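For chain A, the structure is supplied; the task is to place chain B on it using the hints.
Letter by letter, the chains look like this.
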Amino acid sequence: MTAAVSILPSQQLAALNATYRKAVARKRLRLTLSAAIFFAALVIAGVGAEVNFRTFFTHFFNFISYFDRILTLENGARVWTDLGEWFWGFRKWLRFLGETILISYVGTLIGAVFAFAANFLAAENASPAPWLRFVVRRLLEFARTVPGIVFALIFVIAFGLGPMAGVLALAIHSTGALGKQFSEIVENADMKPVEGVRSTGAGWLSCMRFAVLPQVIAGYASYALLRFEINVREASVMGFVGAGGIGQELIVAIRKFYYSDVSAILVMIVLTVFCIDIGTGWLRGRLFGEEART
Amino acid sequence: MSRVPAPDRRELRARHPQIFDRPVSARLATPAVTLLAFGIFSFGLVDLDFSPTRLLSGVHQLGWITLMMMPPDPGSSLPLYLKALGETLSIALLGTTLAAIAALPVSLLAARNIVRSNLVRFPVRRFLDSIRGVDTLIWALVWINVVGLGPFAGVLAIAVSDFGAFGKLFSEAIEGADRKQVEGVRASGGNALHEIRFGLMPQVLPVIAGQVLYFIESNTRSATIIGIVGAGGIGLQLAEQIRVLEWQKVSFLILMILIAVAAIDWISSKLRFAIIGRRAVT
Chain A
1 MTAAVSILPS QQLAALNATY RKAVARKRLR LTLSAAIFFA ALVIAGVGAE
51 VNFRTFFTHF FNFISYFDRI LTLENGARVW TDLGEWFWGF RKWLRFLGET
101 ILISYVGTLI GAVFAFAANF LAAENASPAP WLRFVVRRLL EFARTVPGIV
151 FALIFVIAFG LGPMAGVLAL AIHSTGALGK QFSEIVENAD MKPVEGVRST
201 GAGWLSCMRF AVLPQVIAGY ASYALLRFEI NVREASVMGF VGAGGIGQEL
251 IVAIRKFYYS DVSAILVMIV LTVFCIDIGT GWLRGRLFGE EART
Chain B
1 MSRVPAPDRR ELRARHPQIF DRPVSARLAT PAVTLLAFGI FSFGLVDLDF
51 SPTRLLSGVH QLGWITLMMM PPDPGSSLPL YLKALGETLS IALLGTTLAA
101 IAALPVSLLA ARNIVRSNLV RFPVRRFLDS IRGVDTLIWA LVWINVVGLG
151 PFAGVLAIAV SDFGAFGKLF SEAIEGADRK QVEGVRASGG NALHEIRFGL
201 MPQVLPVIAG QVLYFIESNT RSATIIGIVG AGGIGLQLAE QIRVLEWQKV
251 SFLILMILIA VAAIDWISSK LRFAIIGRRA VT
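So the sequence lines, in the order shown, correspond to chains A and B.
Going by the numbering used here, the residue at position 198 of the first sequence is 198; the numbering climbs one at a time, nothing skipped.
Going by the numbering used here, the residue at position 188 of the second sequence is 188; the numbering climbs one at a time, nothing skipped.
Keep in mind that the hints were calculated from the coordinates and are not lab data.
Keep in mind that this is a model prediction, so the values were computed, not measured.
Idealized CB from N, CA, C, for every residue including glycine.
Do not rely on the hints blindly, as some may be mistaken.
[What the hints assert, rightly or not] Here are the simulated DMTMM-like pairs of lysine to aspartate or glutamate, each with C-alpha atoms no more than 20 Å apart in a straight line:
| # | chain 1 | residue 1 | chain 2 | residue 2 |
| --- | --- | --- | --- | --- |
| 1 | B | K168 | A | D277 |
| 2 | A | K180 | A | E124 |
| 3 | A | K256 | A | E50 |
| 4 | A | K180 | B | E217 |
| 5 | A | K180 | A | E229 |
| 6 | A | K256 | A | E74 |
| 7 | A | K92 | B | D47 |
| 8 | B | K83 | B | E217 |
| 9 | A | K180 | B | D265 |
| 10 | B | K180 | B | E195 |
| 11 | B | K168 | A | E229 |
| 12 | A | K92 | B | D265 |
| 13 | B | K83 | A | E50 |
[As the list claims (entries may be wrong)] So these bits of chain A aren't anywhere near chain B, every CB distance computed over 12 Å:
| # | residue |
| --- | --- |
| 14 | V106 |
| 15 | P193 |
| 16 | S206 |
One chain only, chain A, in its complex shape:
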């Protein structure tokens, strides 16, 4: 099939082409400029971070061979040929992993409770007073922005070495993160039930309990589970600063070059994180399923 392609008169075409070229040229200029700025920033950052490609390339082989070394037992055999020898400290590590999970569980729960207490005060539509909202929001922001491990460092000095410091550090960080997410859910909640409850003469507390809470509780549980999952990862390194969990064993193994131990502990951590991921994913699916059903 042939179709006549209509071609505009050349004058009109030239004008259109010129406009098109101008538009494209401006866009290209903008792109080139931003790319140039970005590269300049990268170069400055490269100097600032002491990037040295020579060390990188001379030592890159080390990175590969590091994985080779951590997968080799002391007698030179590959680790998977002798599982008993590879996981010689299985019982001990399992106990530390249990401690890690317990740390993140307790930390998440404490954080969730505090976030629950704070989030209605921080939400735009539910807060009883603007100044209170401002104060609570700034507090949550502070708890969220300071990394958990910095809190852990300080708490180790205040509360002494051990899992307690890790739990409290995770709890504070979770309060900040969950408080923000919870209050965002509340801000998205439907306000008509609140009006309904208020019209019966109920106070602020009853409004929250009977009008807002039923709408948001599933979302809360979902976010708390997600936070638990993140906290398990976080708790696995709390031991680096002496705040309990499997991190203690790992940093000792890395620092003292117990190569096969490093890989064994890493494998256990990754597997645990997988299981927790899958478990919480399943639980969240059930929670959201229930919500969808009603």
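Coordinates of chain B only, in the frame set by chain A:
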């Protein structure tokens, strides 16, 4: 005022059996779960050596520490701290960029609409998952063993751990892309690479750019902590000052981190807005 007629309970019960006569299992579920959660919680408290006396004395100590933090004061090491902060920002920027560049081709392999075969996609996905399962701090320790102490190890640590996250996020963005434009490119005679370059990338790049910016922001936070294990940046100074109990310097450093993170937050939200436009908002 007329009185509201008293509700006929029996009739109400009959009309709403799902509210009044729930099965025992449904009625017991909430208390059972609460009890279980609380049981694990109290077991945890005991197992992790919580005791009221320890808590009290710790809070007492913490009060002292907070008092001693006031007012924040860098002493004579302000230039050093500023340099460390610059190092931290550099680590975040470089690490994220490296990770994004490396993750883009791999994410194509993990996307369902690019690679149809499960045989390729599944191992790639598990590989990315296991990289993500290991914390940035652990990667930092590994890289310190390889390239030595210093910020370069931090850059590589951030790059590797973000590589896992980006691979997953990018592949999800690619899977969410519209199929029609790819088909259009194929209809006009483009090959597979053309399809990706002209059909997919224009849709996916703004999403990816937004995610990269978000990660630069969150990596500023991660970059502050990898210094604690010796991978450069402001975390190194922070950990040192905490260890020698120089609380005024500690509070100053924390303040610096807060301000830097807030500034990066602000800049990246502006940039994200410029790149993605109003689509992100509506």
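Structure-based check of each hint:
1. B:K168 to A:D277: Distance of about 15 Å is within 20 Å: holds.
2. A:K180 to A:E124: Measuring from Cα to Cα gives roughly 11 Å; hence the hint holds.
3. A:K256 to A:E50: Measuring from Cα to Cα gives roughly 26 Å; hence the hint is violated.
4. A:K180 to B:E217: holds (17 Å)
5. A:K180 to A:E229: holds (17 Å)
6. A:K256 to A:E74: holds (14 Å)
7. A:K92 to B:D47: It holds: about 15 Å lies between the C-alpha atoms, which stays within 20 Å.
8. B:K83 to B:E217: Answer holds: B:K83 to B:E217 is near 19 Å, not above 20 Å.
9. A:K180 to B:D265: It holds: about 16 Å lies between the C-alpha atoms, which stays within 20 Å.
10. B:K180 to B:E195: Between B:K180 and B:E195 the Cα gap is close to 11 Å, so the pair holds against 20 Å.
11. B:K168 to A:E229: Holds, because 17 Å separates the two Cα atoms, which is no more than 20 Å.
12. A:K92 to B:D265: Not OK: A:K92 and B:D265 at ~42 Å, beyond 20 Å, violated.
13. B:K83 to A:E50: Within the cut-off at roughly 12 Å; holds.
14. V106: violated (4 Å)
15. P193: holds (17 Å)
16. S206: It holds; A:S206 is separated from chain B by about 20 Å at its closest Cβ, greater than 12 Å.
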